[in-house]
Amino acid sequence: MALADIRQRPGMLLGAAVLLHVVLISAQVNTASGLPVLQVVTFGSFAEVQRGAMAVVDGVGNLWSGYVALRGVRGENDALKQELRTLQVRLQREHAEAQRTGNLRQLLELRERANLDTIAAEVIAAAASPEFRTVTIDKGTGEGVRADMAVISPAGVVGRVILPSGRASKVQLLIDRNAAAGALIERTRVQGVVEGFGDGSLRMEYVLGTADVKPGDLVVTSGIDGIYPKGFVIGTIEQVDRGTGGYYVITVRPAVDFTRLEEVLVVRTPAASPGSEP
Amino acid sequence: MKTAAAILIALAVQTTLAGLVIRGTAAIDLVLIVVVYLALKSGPVTGLVAGTVAGLIQDALSTPILGIGGLAKTMVGFLSGVLATQFILDGPLPRFVLLVMATALHAGIFMGLYVLLDLRQFPDPVPAVIGQALGNGFVGVVGFQLIEWLSGFVDRRRAGQFLKR
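Protein chains in written order, with numbering that gives the first Met the number 0: chain A, 0 to 277; chain B, 0 to 164.
Pulled out of the complex, with its shape left as it was, chain A reads as follows (with noise of 0.2 Å):
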């Protein structure tokens, strides 16, 4: 039967034939490398197979890493992210640590420098209405504050104190339109009254049109007015207008930075008994 069905087919059957003399062929004859052809052919045919193989195992390796095996990594990456969230609140815990470290360092300096009885205070919070530049530090009358105390820091006068309580104390900035200090040119020893102005910036004023005053001269307290330490930096001449009344009209630039305001020093020591000179 089977051999009546291949009598049916004898173009199946030739090739069958020639495919058997082909490799019969190929089992004797060499390439040109020396090797068998039908070893050639054969290796290289299941090279192939096996390229399609690996293909086909690479494929479905990926589709099981890449979908399959992806199945827990979102919660994985859930808990990456918090944690990462937890190290990132971390290294800005960190990073305040530091600053804060710096600026008590600087405070710990200037309170070497200027020999004066200080308390050290934080700020912990700012005024309640834009229209009044205070702050709020955490020493209040338990540790000495009084009211009309100086309040300075590294970078120069900050302002007084107006309103101590039991363990806080509002702070007037200098910078507030109803402060004022007692001023001098540091260049010229030529003197004045230093006001806020309200805007940020201070207003030098009473300084006669005579005096030599220029952009860039520093000013810093004078101490004539009972509150600050004589010789502290108040901020630099930015502008020099002439005024009405023969009086110069000066704009200050505050050394301090008052939007960056965290730590600082109550004087606790009389303006009469002055720090070091400037």
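In short, the hints are calculated from the structure, not lab data. Where a beta carbon is used, it is the ideal one built from N, C-alpha and C, also for glycine. Honestly, I wouldn't trust all of these hints.
Pairwise CB distance ranges, derived in the manner of DEER restraints [as the list claims (entries may be wrong)]:
no., chain 1, residue 1, chain 2, residue 2, range
1, B, Val114, A, Ser32, 13 to 23 Å
2, B, Ala4, A, Met53, 48 to 58 Å
3, B, Ile146, A, Ser32, 47 to 57 Å
4, B, Ala4, A, Ala54, 34 to 44 Å
5, A, Val17, B, Ala4, 22 to 32 Å
6, B, Leu60, A, Asn29, 17 to 27 Å
7, A, Met53, B, Val12, 51 to 61 Å
8, B, Val114, A, Glu47, 23 to 33 Å
9, B, Asp154, A, Gln38, 39 to 49 Å
10, A, Gln38, B, Met0, 31 to 41 Å
11, B, Leu115, A, Gln38, 14 to 24 Å
12, B, Val114, A, Asp57, 25 to 35 Å
So these bits of chain B aren't anywhere near chain A, every CB distance computed over 12 Å [claimed, not checked]:
no., residue
13, Met0
14, Val12
15, Gly46
16, Ile67
17, Ile87
18, Pro93
19, Asp123
20, Ala127
21, Phe137
22, Val138
23, Trp148
24, Phe152
25, Asp154
26, Arg157
27, Ala158
Using the hints, position chain B against chain A.
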């Protein structure tokens, strides 16, 4: 069985008459003639099988590469059988033409593969192939007629003996 016997006889005679050489090439390929005859009588499948077996044996006996002659005779046997099923090839002339074409095809495949595989060169093969084709054609036609006459003679004699009884 008859096919195997015919092939074996052709091979034996071919190896015996190998001395009949023209320009270094065997002028007559009896094995090829037998393959063509079997294909004519029994069709392409028989021709194919006969060509394969006979060619492989001939390769084993005479050539360094087994399969090239087998492939050539396989193709010749198959195509001769196909032609025999499509055309009437009973006359001497059609058979002569068929044998000439079969010889040319066989030589083309045989020499072509040898040259293609850089195993052997055949300088100026056309005269040798023509000579072999003519020789195969003549011997084949005569042989076919003789075999058929003998076959008819035997049949007639058997019939006569049957009638005498």
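Where does the structure disagree with the numbered hints, that is, which hint numbers, in rising order?
-> 4, 9, 12, 15 and 16
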